[in-house]
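Each protein sequence line maps, in turn, to chains A and B.
With full-length UniProt numbering, the residue at position 247 of the first sequence is 247, and numbering never jumps.
With full-length UniProt numbering, the residue at position 160 of the second sequence is 160, and numbering never jumps.
Derived from the structure by calculation, the hints contain no laboratory data.
Check each hint, because a few of them may be wrong.
With beta-carbon atoms standing in for the labels, derived distance ranges [as the list claims (entries may be wrong)]: (1) B:Ser-101 - A:Lys-191: 34 to 44 Å; (2) B:Glu-139 - A:Asp-179: 20 to 30 Å; (3) A:Gly-102 - B:Ser-123: 30 to 40 Å; (4) A:Asp-179 - B:Asn-94: 35 to 45 Å; (5) A:Lys-187 - B:Val-216: 55 to 65 Å; (6) B:Glu-218 - A:Ile-150: 48 to 58 Å.
Even for Gly, the Cβ is constructed at its ideal location relative to N, Cα and C.
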Amino acid sequence: MTFTIQIENGTEVRNAEADSQRTLYPYVTGTSVVAIKYKDGILMASDMGGSYGSTLRYKNVERMKAIGKHSLLGASGEISDFQEILRYLDELTLNDNMWDDGNSLGPKEVHNYLTRVMYNRRNKFNPLWNTLVLGGVKNGEKYLGMVSMIGVSFEDNHVATGFGNHLARPILRDEWREDLSFEEGVKLLEKCMRVLLYRDRSAINKLQIAKMTEEGVTVSEPYSLKTFWEFKAFTNPTVGAEGSWLYDN
Amino acid sequence: MFRNQYDTDVTTWSPTGRLFQVEYAMEAVKQGSAAIGLRSRSHVVLACVNKAQSELSSHQRKIFKVDDHIGVAIAGLTADGRVLSRYMRSESINHSFTYESPLPVGRLVVHLADKAQVCTQRSWKRPYGVGLLVGGLDESGAHLYYNCPSGNYFEYQAFAIGSRSQAAKTYLERRFESFGDSSREDLIKDAILAVRETLQGETLKSSLCTVAILGVDEPFHFLDQEAIQKVIDTFEKVPEEEEGEDEAEAGAAQPAEQGGAGAGDVAPMEM
Chain A
1 MTFTIQIENG TEVRNAEADS QRTLYPYVTG TSVVAIKYKD GILMASDMGG
51 SYGSTLRYKN VERMKAIGKH SLLGASGEIS DFQEILRYLD ELTLNDNMWD
101 DGNSLGPKEV HNYLTRVMYN RRNKFNPLWN TLVLGGVKNG EKYLGMVSMI
151 GVSFEDNHVA TGFGNHLARP ILRDEWREDL SFEEGVKLLE KCMRVLLYRD
201 RSAINKLQIA KMTEEGVTVS EPYSLKTFWE FKAFTNPTVG AEGSWLYDN
Chain B
1 MFRNQYDTDV TTWSPTGRLF QVEYAMEAVK QGSAAIGLRS RSHVVLACVN
51 KAQSELSSHQ RKIFKVDDHI GVAIAGLTAD GRVLSRYMRS ESINHSFTYE
101 SPLPVGRLVV HLADKAQVCT QRSWKRPYGV GLLVGGLDES GAHLYYNCPS
151 GNYFEYQAFA IGSRSQAAKT YLERRFESFG DSSREDLIKD AILAVRETLQ
201 GETLKSSLCT VAILGVDEPF HFLDQEAIQK VIDTFEKVPE EEEGEDEAEA
251 GAAQPAEQGG AGAGDVAPME M
């Protein structure tokens, strides 16, 4: 039960407790998740960073988790809300397993359940501050979809969240193919993650790649990408820039 | 039937461990007109006898579509049946909305049974007086269930409920082992033949029965009168004949009559 205390603030009357019940802004956030369909299933990549505002505070956050037998969930945004969602899904998969009747929740069902949850929270002005990527394989059918914090949901062959939408998806639009092998898929994702690492300030160089096939989910051990910072342009960045007096003649 | 001091309340046990009110509710199912269900691995057929109050009225609806992949046939208090069908439709559509996926029929049947059980354990309620034959699909194929007023449910290959259903059950018991691999057409024919058994002598006409089918690639729908009559014509040459599997004689299709003919029909010449 919420008991509201009315505070008179000049001409305003505010319900102090009511406000503290709603999500207003995120605190600890994860950055992009990128995912693609490939020949045998789904590949998903995300780094292990949890930012506290502009501080890269947590460096061991797993932002991708297996759900049931057939699905993989990746999240960007508020980490605590992601953990809350995992609890909801835990309950959902538990009840599904308890039926013990040969029917099981596939990725499509999980995706739609999440869409309903996110949209309903948005309608109450109390969103779960996440963008979720849901991928999976069931009975040979590959599924990859996304849900945002306002309940926008769709499926596609490749999805990304946050900065990934701007930096990774153009690469994927050019280079994604239906029949990518596992190695090709990983290379493509690493290419996207490298661009994000260079250009997204909340990205850290410690990433995981998760694979989802009919057999199940495997999440790789964390590893780092090779980067190169000795480009000539980096030594004197303003040479030839618009409005600069420095020219490389 | 029983008339004793333990049958007033559903919440009163008899000394022999019975709940008479629940058993009386199951009697109500036996009084309703017959409903039959049978299934193969991929299809379920539901059929029922059309009973009308009088020649002036239309017949009661006993088969309901719950969803594209689930149908139910009822016997007993049709009002209770209608209410439970509405509940089933509601559950089915809520599941579809949340998960964008059809509700597995096995789970719907359990919800239904739990609902019926509640009415056997509250002093201010009474058991539902209707038996439901629920046919539907889930991941493992086609299924047929029978839901009882007692809150029990059972899975069947084929079953019949309602008045004179024993005749249909005898027919089905002879044939059920082959149903699993039956073709869709054979399944329909067996359903109509089972309906004929419950009529016991009355001429079988398409106006007397309703048939509905659903399958793995076939959403639930009713067969129209013409289709039913065509199947009847393949075996109904002369009323007394039992197993008429031969090609259709020019079986004069009788004009569909509302409300079904009474039992005192003289056997017409159908040649």
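Now for the hints, and whether the structure bears them out:
Range check, Ser-101 (chain B) to Lys-191 (chain A): about 35 Å between beta-carbon atoms, so the 34 to 44 Å window is met. Checked against the hint of 20 to 30 Å, the C-beta distance between Glu-139 (chain B) and Asp-179 (chain A) comes to roughly 28 Å, which is consistent with it. Taking the beta carbon of each, Gly-102 (chain A) and Ser-123 (chain B) are about 38 Å apart, inside 30 to 40 Å as hinted. For Asp-179 (chain A) and Asn-94 (chain B), the Cβ-Cβ distance of about 39 Å falls inside the hinted range of 35 to 45 Å, so the restraint holds.
Between Lys-187 (chain A) and Val-216 (chain B), the C-beta spacing of about 41 Å breaks the proposed range 55 to 65 Å. Between Glu-218 (chain B) and Ile-150 (chain A), the C-beta spacing of about 39 Å breaks the proposed range 48 to 58 Å.
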